[in-house]
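With chain W's structure known, arrange chain G on it following the hints.
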Amino acid sequence: MSLQQIPHIILVLSGKGGVGKSSVTTQLALTLSLQGHSVGILDVDLTGPSIPRFLGVESAKITQSAGGLLPVTVHEAKPAQPTVPTSSDNPSTTPSSNISYARLSAISLGLVLSSRSTAVIWRGPKKTAMVRQFLTSTVWPSDTEYLLIDTPPGTSDEHISLLETLLKETAATPAQLSGAVVVTTPQAVAISDVKKELDFCRKTGLRVLGVVENMAGFVCPHCSECTNVFSKGGGEIMAREAVVPFLGSVPIDPAFVALIEEGKRPVYPKGTVVGGTEAQEAEGNGEDAGTRDDGLLVEKYTSCSIYPLFEGMVNSILKDIEERDRNGGT
Amino acid sequence: MGPDPDIPYITERLSSIKHKILVLSGKGGVGKSTLSVLLSHAFASSSRPAHPISTPNGNGNGHTSPSSIPLTVGLLDADITGPSIPKMLSLEQEPVHVTSTGWSPLYLTDTLCAISIQNMLPSNNPDTAIIWRGAKKTGLLKQFLRDVEWGDLDMLVVDTPPGTSDEHLALCTFMRDAGIDGAVLVSTPQEVALLDVRRQVDFCRKAGIPIIGIVENMSGFVCPNCTGESQIFRPTTGGARKLAKDEGIAFLGAVPLDPRIGMACDFGEDFLEAFPESKAGVALRGVVREVGKRIGLDVVDDDAE
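Chains W and G are the protein sequences, given in the same order. For the first sequence, counting from 1, position 196 maps to 214 in our numbering; every step adds exactly one. For the second sequence, counting from 1, position 80 maps to 70 in our numbering; every step adds exactly one.
Don't read these hints as lab results, they were simulated from the structure. Keep in mind that a hint or two might mislead.
[Unchecked claim] Label-pair ranges, simulated between beta-carbon atoms:
| no. | chain 1 | residue 1 | chain 2 | residue 2 | range |
| --- | --- | --- | --- | --- | --- |
| 1 | W | A193 | G | D167 | 49 to 55 Å |
| 2 | W | P143 | G | A40 | 50 to 56 Å |
| 3 | G | S90 | W | E243 | 56 to 62 Å |
| 4 | W | G281 | G | R250 | 32 to 38 Å |
| 5 | W | G74 | G | S94 | 50 to 56 Å |
| 6 | W | G74 | G | R250 | 33 to 39 Å |
[Said to hold, decoys possible] Which residues of chain G face chain W? A few of them, derived with a C-beta cut under 8 Å, are:
| no. | residue |
| --- | --- |
| 7 | G19 |
| 8 | V20 |
| 9 | K77 |
| 10 | M78 |
| 11 | D117 |
| 12 | A119 |
| 13 | T154 |
| 14 | D156 |
| 15 | L185 |
| 16 | C216 |
| 17 | G218 |
| 18 | F223 |
| 19 | P249 |
[To be verified] Here are some chain W residues the structure puts well away from chain G; computed CB gaps all over 12 Å:
| no. | residue |
| --- | --- |
| 20 | T81 |
| 21 | A84 |
| 22 | G85 |
| 23 | G86 |
| 24 | Q99 |
| 25 | R121 |
| 26 | P159 |
| 27 | P192 |
| 28 | G228 |
| 29 | P326 |
| 30 | E340 |
| 31 | R344 |
A virtual CB, placed ideally from N, CA and C, is assigned to each residue, including glycine.
With the rest of the complex left out, here is chain W:
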């Protein structure tokens, strides 16, 4: 299935580097998948692709078929199962056994390179050609509902080519291009760059689905005290000034980093409060420490303290898209 047939395309943008575009893209994709939507991720950060690392598919390679490039499958769909305990695989001990999710696939330049430390030293025209090729000749799984596009920092070649190609390809059905999620961190230095990105969206007519304030505070794993390492609240003020929706603040969660880097299922000390909501208990599945780290990224992600925050964001994005679809794409 080609780009024209994907119902919803969402861009993840930020003027500033290192604010967590890839992290937000990954978590939006996992959340969408857990809500039963089949997702594809396209990583157009050509000189610093991180998506393969986030999804734990660094050793995978994309393949070329007769129809075009085939993305890597991160996980297949797993339909909801009736909760009938079967004696053989003892579902009560694996907390994720009753979780259902839809397929997630991804494509990135990092999945083409022969070595993970090879520098891709490309000038604009070559990057443009690669972005076009990824957009126009990738064969997405036929059930793909959402395409998330992770971008490099800035407002340059990749972004111009991306928008040009997307606008051309979706000219017949402009509602396909749902809009952009803009990621920032709370500091003034990041905000001033991200304001430029909002200006970019305005100039290119790209809808802003909302602003995510990432790295808003760090919850100390020793005492569960939240420290605002990069200050706080800047993202919300910026969203208000620019009159775009504010999707929420996401704290730094070391357990999420450990999940990505080491595949550890997140556990938290007692009394950890994230986003003003409930504390995630550590001991709920404490007995089966041996099997706790087994399972797919998407299954383990449900134990992450910031997953409920992303659920909220995805719900408001989906509502926004739905409303727009109902109003005929305006």
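For chain G alone, kept in the frame of chain W given last:
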């Protein structure tokens, strides 16, 4: 395609600058601009001996001068689409002056000047997006190097955007004849960042830029509540120290995450001047000393007094 006819002009212009360093990182948001600003501040507030032991082309000649001469530093912001330097130096509102002989850099103090595209945007709308393709960015960088009247400087620090693309190639090409002392690489401890820094090391090798060393930024965080130390960005693969060892490059130091550094940058203040004795301040001064030593910059050691 022959060599760029502007290169001799650039080389001529840069010949009055003794040391030129690039601050690089494949990854965004690891603290390139912060480190560039801190290095610039630190060098601009130090001095060199008035009579260096053997620098024949030193220009401290002839004057009946004091025992040390302040160092002069220029800071070039090569991040065209996401410039941060003016904000960090409180120079956001200053416009660049164009004269018949070139562009005048913006002076923060007598010894520290800077240039950035931010200062060339219309002052009524500083949030204008700069939506430029590579060729245009390359063109502006050429102008920064060819047309800015830096004057006599002890050091030029070039802050770069993330990645390995047009800007980096442009800097390399344009500055090759003038000579680059080397690159300071910045990384955070987690593998996602190191992955991009490895690509940057590969870039430096391919482009023939010497690597001065690597700095690990945001290395550990001390909770102000319980003083328990934790790793926000966990070095699961050994961090920058291991990368330095594997790649055979120097490790310049680890700077802990201190929320006050970010705040100092947001308000355009000099963190090192405000908190010289903080843990991060001490670590940063160590990095500055290491960089100075490795490029052969003769600095009067204030710490010795």
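### Task
Sort out which numbered hints this structure fails and list those numbers smallest first.
No hint contradicted; all consistent.
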